[in-house]
Amino acid sequence: MKLFKKILSSVLSFGMIFNFAFSLPVFAEGGESTSVISSSYIPKTLGECCVELDKILTPEEKEKIKQSERCFRTSYIGKLWLKPLGRMICFKWLRESRDETTALCKLLLDHGARFDGEMEIKLKLFWVVLENYRHYLLTGECVPCIEDLMIDYWYYDFIFFNGDENEEQKSRRRADLERAMAKWKEKHEAYKNRWTIVSAGTIL
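For the sequence shown, counting from 1, position 24 maps to 24 in this note's numbering; every step adds exactly one.
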């Protein structure tokens, strides 16, 4: 029985490695190759993400992103989460660990990535990066407020499940999310201020 489990584990591991290796050069659903393997720079801001994504993605992929729906559950952007692009952004750009957290991940954490109390945020942060890129493709600029993207992530999820709600109920839901973000920012600023005071006291 132990030998069988060991063989099964080895087969599954090999299958996962095989699948990952042969899917790496493919981002688009249609199988377009990209230059992601040669892209070693890890962006520190959403603006830098746009520059890197411009290098990585094909014109066809960019056009699909521009036309993507807003809800991650049904959008082209949401589908890219399961592609090598999603893995690269998740494991390289948005790495968060006890030993090392990337500057981009820290930036998004400082702009309310966990304002909703959720601990697992990789999908949300991926959506924020790509949704900002969609805005960039349409307007030539990054979004003016990162916190709004954090709110949009849950707002459009609400619309997906409650599309038949009237405008008043939708507005109420958005207002609830905005209040939650404002409350988080208040606590976050208070924490940063306490940390600054403690640090100053330690130096003195």
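In case anyone wonders, no lab produced these hints; they're calculated from the structure. Heads up, the beta-carbon is just placed ideally off N, CA and C, and yes, glycines get one too. Hints may be right or wrong, so weigh each one.
Quick list of the computed label-pair ranges, beta carbon to beta carbon [said to hold, decoys possible]: (1) Lys79 x Ala190: 38 to 48 Å; (2) Asn166 x Ser40: 48 to 58 Å; (3) Lys66 x Arg98: 14 to 24 Å; (4) Lys79 x Glu48: 29 to 39 Å; (5) Ser97 x Glu165: 33 to 43 Å; (6) Asp110 x Asp54: 21 to 31 Å; (7) Asp54 x Arg87: 16 to 26 Å.
We went through each hint and held it up to the structure:
{"no.": "1", "hint": "Lys79 x Ala190: 38 to 48 Å", "result": "holds, 39 Å"}
{"no.": "2", "hint": "Asn166 x Ser40: 48 to 58 Å", "result": "holds, 50 Å"}
{"no.": "3", "hint": "Lys66 x Arg98: 14 to 24 Å", "result": "violated, 38 Å"}
{"no.": "4", "hint": "Lys79 x Glu48: 29 to 39 Å", "result": "violated, 24 Å"}
{"no.": "5", "hint": "Ser97 x Glu165: 33 to 43 Å", "result": "holds, 39 Å"}
{"no.": "6", "hint": "Asp110 x Asp54: 21 to 31 Å", "result": "holds, 25 Å"}
{"no.": "7", "hint": "Asp54 x Arg87: 16 to 26 Å", "result": "holds, 20 Å"}
Hints 3, 4, counting from the list given before, are not met by this structure.
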